[in-house]
Amino acid sequence: MATDEMTVKARKQPEPKLTGAVHRSRPTLDRRYLPVLGTVVVLVLMLIIGGSRYDNFLSGRVMANLLINNSFLIVVAVGMTFVILTGGIDLSVGAVLALSTCISAWMFVHGWPAYVAIPAAILAGALIGWAVGVMVHVFEIQPFIATLAAMFLARGLCYVIAPESIPITDPTIVKLGTRWDLGGGWAITPSGVIALAVVVVAFVTLHYTRFGRTVYAIGGGEQSARLMGLPVARTKVLVYVISGTCAGLGGLLFAAFSSSGYSLTGVGMELDAIAAVVIGGTLLTGGSGFVLGSVLGVLVLGLIQTIITFEGTLSSWWTKIVIGALLLVFVILQRLLVVRRR
Amino acid sequence: MTGLAQLTRHRLFWPIVALVVLLLASTLKSHSFLEVTVRDGHLYGAPIDILRRSSILLLVALGMTLVIATRGIDLSVGAVMAIAGAVTLTQIASSPDPGAVSTVAVAMLTGLAVCLVIGVFNGFLVAVLGIQPIIATLVIMTAGRGIAMLITGGQITTVTSAPYKTLASGFWLGLPVAALIAGVFFAVVALVTRRTALGVLIESVGINPTASRLAGVRARTIIWTVYVLCALFACIAGFLQSSNIMAADSNNAGLFIELDAILAVVIGGTSLAGGKFSLTGTLVGVLVITTLTLSITVIGIPVNAVSLFKALVVIVVCLLQSPVVQHKLRARRRQAAPVPVEVPA
Numbered sequence: 001m002a003t004d005e006m007t008v009k010a011r012k013q014p015e016p017k018l019t020g021a022v023h024r025s026r027p028t029l030d031r032r033y034l035p036v037l038g039t040v041v042v043l044v045l046m047l048i049i050g051g052s053r054y055d056n057f058l059s060g061r062v063m064a065n066l067l068i069n070n071s072f073l074i075v076v077a078v079g080m081t082f083v084i085l086t087g088g089i090d091l092s093v094g095a096v097l098a099l100s101t102c103i104s105a106w107m108f109v110h111g112w113p114a115y116v117a118i119p120a121a122i123l124a125g126a127l128i129g130w131a132v133g134v135m136v137h138v139f140e141i142q143p144f145i146a147t148l149a150a151m152f153l154a155r156g157l158c159y160v161i162a163p164e165s166i167p168i169t170d171p172t173i174v175k176l177g178t179r180w181d182l183g184g185g186w187a188i189t190p191s192g193v194i195a196l197a198v199v200v201v202a203f204v205t206l207h208y209t210r211f212g213r214t215v216y217a218i219g220g221g222e223q224s225a226r227l228m229g230l231p232v233a234r235t236k237v238l239v240y241v242i243s244g245t246c247a248g249l250g251g252l253l254f255a256a257f258s259s260s261g262y263s264l265t266g267v268g269m270e271l272d273a274i275a276a277v278v279i280g281g282t283l284l285t286g287g288s289g290f291v292l293g294s295v296l297g298v299l300v301l302g303l304i305q306t307i308i309t310f311e312g313t314l315s316s317w318w319t320k321i322v323i324g325a326l327l328l329v330f331v332i333l334q335r336l337l338v339v340r341r342r
Numbered sequence: 343m344t345g346l347a348q349l350t351r352h353r354l355f356w357p358i359v360a361l362v363v364l365l366l367a368s369t370l371k372s373h374s375f376l377e378v379t380v381r382d383g384h385l386y387g388a389p390i391d392i393l394r395r396s397s398i399l400l401l402v403a404l405g406m407t408l409v410i411a412t413r414g415i416d417l418s419v420g421a422v423m424a425i426a427g428a429v430t431l432t433q434i435a436s437s438p439d440p441g442a443v444s445t446v447a448v449a450m451l452t453g454l455a456v457c458l459v460i461g462v463f464n465g466f467l468v469a470v471l472g473i474q475p476i477i478a479t480l481v482i483m484t485a486g487r488g489i490a491m492l493i494t495g496g497q498i499t500t501v502t503s504a505p506y507k508t509l510a511s512g513f514w515l516g517l518p519v520a521a522l523i524a525g526v527f528f529a530v531v532a533l534v535t536r537r538t539a540l541g542v543l544i545e546s547v548g549i550n551p552t553a554s555r556l557a558g559v560r561a562r563t564i565i566w567t568v569y570v571l572c573a574l575f576a577c578i579a580g581f582l583q584s585s586n587i588m589a590a591d592s593n594n595a596g597l598f599i600e601l602d603a604i605l606a607v608v609i610g611g612t613s614l615a616g617g618k619f620s621l622t623g624t625l626v627g628v629l630v631i632t633t634l635t636l637s638i639t640v641i642g643i644p645v646n647a648v649s650l651f652k653a654l655v656v657i658v659v660c661l662l663q664s665p666v667v668q669h670k671l672r673a674r675r676r677q678a679a680p681v682p683v684e685v686p687a
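Respectively, the protein sequence lines represent chains A and B. Following the numbering used here, the residues of the first sequence are numbered contiguously, the last one being 342. Following the numbering used here, the residues of the second sequence are numbered contiguously, the last one being 687.
For the record, the hints were derived by calculation from the structure and aren't laboratory data. Some hints could be false.
[What the hints assert, rightly or not] Partner residues are not named here, just some residues of chain B that face chain A (Cβ under 8 Å, in silico):
hint, residue
1, Gly472
2, Ile473
3, Leu480
4, Ala485
5, Leu492
6, Val608
7, Leu614
8, Ser649
9, Ile657
10, Cys660
11, Leu661
12, Val666
13, Val667
[Stated by the list, open to error] If you anchor each label on the Cβ, the simulated ranges turn out as follows:
hint, chain 1, residue 1, chain 2, residue 2, range
14, B, Ala367, A, Leu47, 54 to 62 Å
15, A, Pro171, B, Asn646, 25 to 33 Å
16, B, Gly525, A, Leu227, 47 to 55 Å
17, A, Thr209, B, Val526, 54 to 62 Å
18, B, Ala367, A, Ala120, 29 to 37 Å
19, A, Pro119, B, Phe598, 28 to 36 Å
20, B, Gly496, A, Gly220, 42 to 50 Å
Computed from a prediction, not measured in an experiment: that's the story for all the values here. Just so it is clear, CB atoms sit at the ideal spot from N, CA and C, and this is done for glycine as well.
Chain B extracted, bound-state conformation (with noise of 0.2 Å):
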């Protein structure tokens, strides 16, 4: 009984019975939904489908964990993800040999560096000018398509070019490339926060900038990293878009990701207030809304509800999550139980 409280009351406990009731699901209705076979060596089969298209969410997830950690917002990712696609493919397009391997990679640092760029300018707004993270960034959501259209010139650039279509379509060892690139990233993030000081660093300023500053933490530096991670990971994030579809479509690419990527960290736990962050959280959050989008059409619900399905999981779950319904929730377990072990939250 204890047990089961205790689970039930972990922050990840719902998203997750979201996550498996919605595989269930889709198992339900159509029964090979989680099967995997290998077919010309690679994997193939809806799971793998859902690692692959949950890359480019859990990239920009990532960088909005930390930034939110911080108690912050990062709006100008989708943009971002524009502009790195329009800067990367521009070049690739005009360069005498897309194909070669040299020429994806200048024009991939090429876009690294337009992109830090980007996210340098976020974090002098928010940590040197001290300017409210969500309209600091507001500028850059707002200004990015246009700047990535500048950059396209207005149209939609398509390129041939096979390693740089590698990025999205490719497989290594049996896996889709583009979820190996995203897990080495989480990996990485996950091990330099949790293994280092860093992630308490960023908690503490999260908290408390003033205070955190007055105890030695380099609260701006640290507001300042963020805000460059975020633009960068959402540039790879643009990068593989752009070599999804394998072209650079300004009004399009990342269209409202800023929004998908929020809800994925506040689904898996981290609130927007700041102090406090959970990459787990933040993968399970992804998964969610991956396999919601995707098994929507296994189970059947027409295209138009898409939206209506979304927003009802969205609301449910964050309803479970609010504090007000913990706390009725727990006050009835106490009640079923009578013996009042629990140290009130």
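Just chain A, same shape as in the assembly (with noise of 0.2 Å):
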């Protein structure tokens, strides 16, 4: 009697904890993906309004244009995507990218070939992020001041080397501009083809190997990331310097959109991809948040442009109201994610 009991017991005991169990997991999905989703559903909104309301909305050349026109932002966004990821905040992306179209250009005109000039200018914006990790990390720097010393640094060597737009005419910088043709008004650049390659890489790199792990971890708490004996400085260094990389290569790309090298270019570009990112369901605070994400945030960014010059009655400061309204109404989103989860 006693051990049938028991035995009851024992094999009622596990039903309830597994039911329990897939009733947890069995709801909608990860809520971690929440932001993503409203993303998501802003930008399919953002099509069916845009659709409905114009003709030729919905072509494959407007779709086209959104990622060719916006490839630089892209990568710029998808580097500022770890910098945020770690707790960070990079302000410096707007001057590297200008740095690097000053240098590729001024190498052009003074006759250095392509495969020297091109690696030079990643390499410029690589060594300022390496500069900006070395002040955060080592000398506890804030993130912020650093990096906007750094933003200083960037555009002032802009001044130095081009004080005024250098035109670019070098065969490969050109060619990452030229359209090949998909047909059905589809078409892809260079730098499309390079801006999709390098969501790719982060894609990868922050999911599936140990670097995009302890980025996470770091993000989710630094105390607790050194404690399980991650490499926190390397990996705080090394998003700097991703981000440096992507802003400089961002540089090319838009070298490649704008054929010149100005030292103007990109002023306030920082505060387009913390949009993008944040709009991208990215927390600032750090540790959770998709790189996938930030490329929707960008395309938002870049369907509000869209409609407002397929709008054309509406004046072009509209942009600025409607990016900050968005932004609020993700922020508050999110905030009330966070607070539900508690």
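Work from the hints to combine the two standalone chains into their complex.
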């Protein structure tokens, strides 16, 4: 009798646990995906609104341009995502992007071949990122201040290298901007392909490598990450190097887009990149977010611009107001999510 | 030796050294740099110019210091300046009598009211909804210039109004009005925060909002108040800036001033981690940045290299102030003086 009861109990006990587990995993999906899902909903809504209001809005040409015209911002936002995931911020990306365009333009004018100028421009970005990483990690200067100093530094170097706009005629850079027709209005440029490649590499790095997990771990809690024996120092410096490198690469894509190197390029682009990352569902406190979300964020920003261009009667400043409003909505939504999770 | 050691350990030592070096370098290059003369009953000269030019940054940095003391940050100040100028100048321009004192007063009050609303909005996001300050104020930073353009209709509104021009270009008792305005606000804030418990309360919120709330400090009200104050100070800075050029330029008014203001606060020894603030430090930081900009031209650094020079000064000052370098300097000093009486910080 007693043993019977025990066996019944023993048999029964795991049952509620099991159903509980099933219940918990069944409803919808992981909460971590909710902010990104919000971005997808906004993107789809904007596509529907645009498609219903204007002819040719949903054409291959417009959609392809969305990717092509924002390829440099995608690359920059991807780099920014790494930094923000660790709980830092990088204000220098716009200036580093400009520096990269200036360096490549200057080297082309002075007769350097593309295979020297292009790596040099990217390397300059990586170097500035490395300097920022050292300031942040070794000298414990706050990321905000360190990247601010780097922003002034990069902008200052731009003015020294290229006080006036330098046209770029190098065939390699020009080739980056040539459209390959894919039929039906769809097209892609080598810069678009590079941007997509950067996204794929970043995605794999963040989700399938030890380095990527360390990035998330530092954002979740630097002290805990250190106690777990993760290479915090190396990773923290490296995320700024990645962001700088991405900004350098973004500069080359921008050079292909604008065919010139100019010291005032990309003023305020760091804000666009941060806005894209936030709209893409990454928390600025670090530790939570996805690189694909940032890409969606860039596309949302691009779509706002496209819709305002299509509308025609709306003045350009509405772009800023709409981006601000969208930012507000997303920030409040994220906040509500965090509160509900607790 | 110990006196000197204590002096170099003071958090304002390196910023003041930077200021003195800049002034010395300028004086060496142009011997009359520090000379102040009286012309038409007003004081003239580079030092007066530094004071006048400092006023806008000082007002913005004043509000920023309070916000940073609560472990916050306000990125929207530049946009608030643009909105303040846009609202006020649009109203003055559309009034029948732009030169009347009453018109200017009403327009400025309207500007202050609009900025008050923005400050309340920022404070609401941070204090009530608990959104990170950097992202909460990013909303207005992004949208604010758009709103200012909306108000001016995308144009640069210009006015001719003698009373409004006085704000930036006038003199009173031989001193520039702008510097006097900034000085009065600085003195009031310094008195109120340091002669009452308010300063300590602000710092307690910055150290630990939850603990201070449990201890009976109205953390929410204090955080809300500092954002409102910051917006109001930015608004007055916006008045001075638009009065200086007698135009509301929504794109360029106060552009990047949030960065300069944060820099001034940090150079002044206020930590971005909150919990401690120094208004004197902010004043020194503001003077360093303004003198830097002014002396660059005097010293003869090419205009193209201004930003580079600024970056180098900022990096050097920040590195010298960083905990690691401070620690190393202290350790070396301890080695030199064999009697270690200092209490480790």
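Hint check results:
1. Proximity of Gly472 of chain B to chain A holds as hinted, the smallest CB-CB distance being about 7 Å (cut-off 8 Å).
2. Among the interface hints, the one on Ile473 of chain B holds; its C-beta lies about 5 Å from the nearest C-beta in chain A, closer than the 8 Å criterion.
3. At its closest, the beta carbon of Leu480 of chain B sits 7 Å from a beta carbon of chain A; the interface hint therefore holds under the 8 Å criterion.
4. Interface restraint check: Ala485 of chain B against chain A, minimum CB-CB distance 2 Å, threshold 8 Å, status holds.
5. Restraint check, Leu492 of chain B versus chain A: the minimum CB separation of about 6 Å is within 8 Å; hint holds.
6. Checking Val608 of chain B against chain A by beta carbon gives a least distance of about 6 Å; that is within 8 Å, so the hint holds.
7. The restraint placing Leu614 of chain B at the interface with chain A holds, with a minimum CB-CB distance near 5 Å, inside the 8 Å limit.
8. With a cut of 8 Å, the hint placing Ser649 of chain B at the interface with chain A holds, because the nearest CB-to-CB distance is about 3 Å.
9. Among the interface hints, the one on Ile657 of chain B holds; its C-beta lies about 5 Å from the nearest C-beta in chain A, closer than the 8 Å criterion.
10. A distance limit of 8 Å between C-beta atoms decides the matter here; for Cys660 of chain B the minimum to chain A is near 5 Å, and the interface restraint holds.
11. The beta carbon of Leu661 of chain B comes within 6 Å of a beta carbon in chain A, closer than 8 Å, and the hint placing it at the interface holds.
12. For Val666 of chain B, the shortest C-beta to C-beta distance to chain A is roughly 5 Å, which falls under 8 Å, so the interface hint holds.
13. About 7 Å separates the beta-carbon of Val667 of chain B from the nearest beta-carbon of chain A, less than 8 Å, and the hint is met.
14. The beta-carbon spacing between Ala367 of chain B and Leu47 of chain A, approximately 59 Å, falls within the hinted interval of 54 to 62 Å.
15. Distance hint check for Pro171 of chain A and Asn646 of chain B: the Cβ-Cβ separation is about 30 Å, which falls inside the suggested range of 25 to 33 Å.
16. Restraint check, Gly525 of chain B to Leu227 of chain A: a C-beta distance of roughly 50 Å satisfies the suggested window 47 to 55 Å.
17. Taking the beta carbon of each, Thr209 of chain A and Val526 of chain B are about 58 Å apart, inside 54 to 62 Å as hinted.
18. Separated by about 34 Å at the C-beta atoms, Ala367 of chain B and Ala120 of chain A satisfy the suggested range of 29 to 37 Å.
19. Checked against the hint of 28 to 36 Å, the C-beta distance between Pro119 of chain A and Phe598 of chain B comes to roughly 31 Å, which is consistent with it.
20. As the Cβ distance of Gly496 of chain B to Gly220 of chain A is approximately 45 Å, the hint placing it in 42 to 50 Å holds.
The structure meets every hint from the earlier list without exception.
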